[in-house]
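Trainee: Just so you know, the sequence shown maps onto residues 1323 to 1690 in this note's numbering.
Mixed in with the good hints there might be a few duds.
As the list claims (entries may be wrong) - What follows is a set of in silico ranges between Cβ atoms, one per label pair, in the way DEER data are often shown:
1) Arg-1626 / Leu-1670: 18 to 24 Å
2) Arg-1594 / Ala-1508: 44 to 50 Å
3) Phe-1689 / Ser-1386: 40 to 46 Å
No wet-lab data here; the hints were simulated from the structure.
Where is the CB? At the ideal position from N, CA and C, for every residue including glycine.
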Amino acid sequence: MIVRVAFTVDVEALSATIFAAVAAHSFHIFDLTLNVPIDLVDAVFSALRNDMSILRRLTIRLSSDSSELAVPDLPHDLIYKWASSGIRYLELSNIRIPLGPLPALPSVISLNYDLPPAPHDEALGSMFPNLRTLVLGGEFVEEYHRSCIGFCSSVSFLQFGSSLTEVVSSLSLASVPHVAVLSPPAHIAQVLFNHLDGDLEAHLVDAGGSVFRVVVVSRLSSYARNFIEGTQDYGTVFQPLCIFQQTSFFERVTHLSISPSVWDMMVVHYPRFPWITVLGICGDTDQEDLAVDVSAPLECTRLRTLSLRTNSATGSRIDLTQVRVSMRRVLVGVTYPLMLHLAEDITLLNDCDGAGDIFVRTDVDPFL
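Assemble the whole structure, with the sequences as input and the hints as a guide.
Mentor: Laid out in structure tokens, this is it:
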């Protein structure tokens, strides 16, 4: 049996005790995350030299108050040790993967790497022949990093931090099934939209913490482009940032899914979706969310199906009569009745008798 335990301690005051415990229990550690000051890096590396035969997830984040402090290299002996290990998920922050030659780490399928401001080997990608997920952050430096990130196009999921966004236009990413970027400028967003063929579905999701995601998926290929945005940048119609400037993109959206908390913000910029045939409303917790308590109406003259779903871990209960009133108020230009799909975790407080004039139930999920 594998047990995961999380705890918070004063690392600097108890570092000797902590690393001694890691060393003593190394042979049954499956998932290890170390967030420590950079001056403890030698103790970190020493602890990792112990028997960690079942380690599958490793995260090392080194912190420093000084921008002048040199970023340490990952020791060669650890890399050679990991070459025959079973580590599958690796995250490194403020640590440099050193210049080669280096052995391959064939077991690693996910790499989260904050690029430090230091030279990197052009053959960096050859270290990870079976990589599927790559998250690159840190500060991109042209002379250090341009030649080492060509392997980005070989993964299935790729995410760039904000400093690497401009690199997108110079990489061949059309064959990458899923690409995520943070607040890209308009021309980068257009490059990514051009990777998607045919009709599109768009998911506008409240990610919490003043952040929302726009996930755009090709209905033809299932390839996706994920845009991570800050809600503070979308306050008024006078501040339409890149996502809502992409008119050609919105004209291809036939399936739209949206969180009620994002609704008004989107409709200010784009009040008409005459091309969508399916609208999904994804509430967060309860029936009030799914009743769509919003102020701005959305025009969708071709709408045929409404799908209600929830992100709540415990599901949602909804009053269909309330949903009927809400839809009459916030949807403009709709021809009723609509097909109504409810996710499995939604419980009706009543049946369709009071809403039969605008809803016909279906069990077919229109987003599949």
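Trainee: So, for every hint listed, does it hold in this structure?
Mentor: Results for each hint:
Take Arg-1626 and Leu-1670: their Cβ atoms lie about 21 Å apart, and the range 18 to 24 Å holds. A beta carbon spacing of about 20 Å between Arg-1594 and Ala-1508 contradicts the range 44 to 50 Å that was offered as a hint. In this structure, Phe-1689 and Ser-1386 meet the distance hint of 40 to 46 Å, their C-beta atoms being roughly 45 Å apart.
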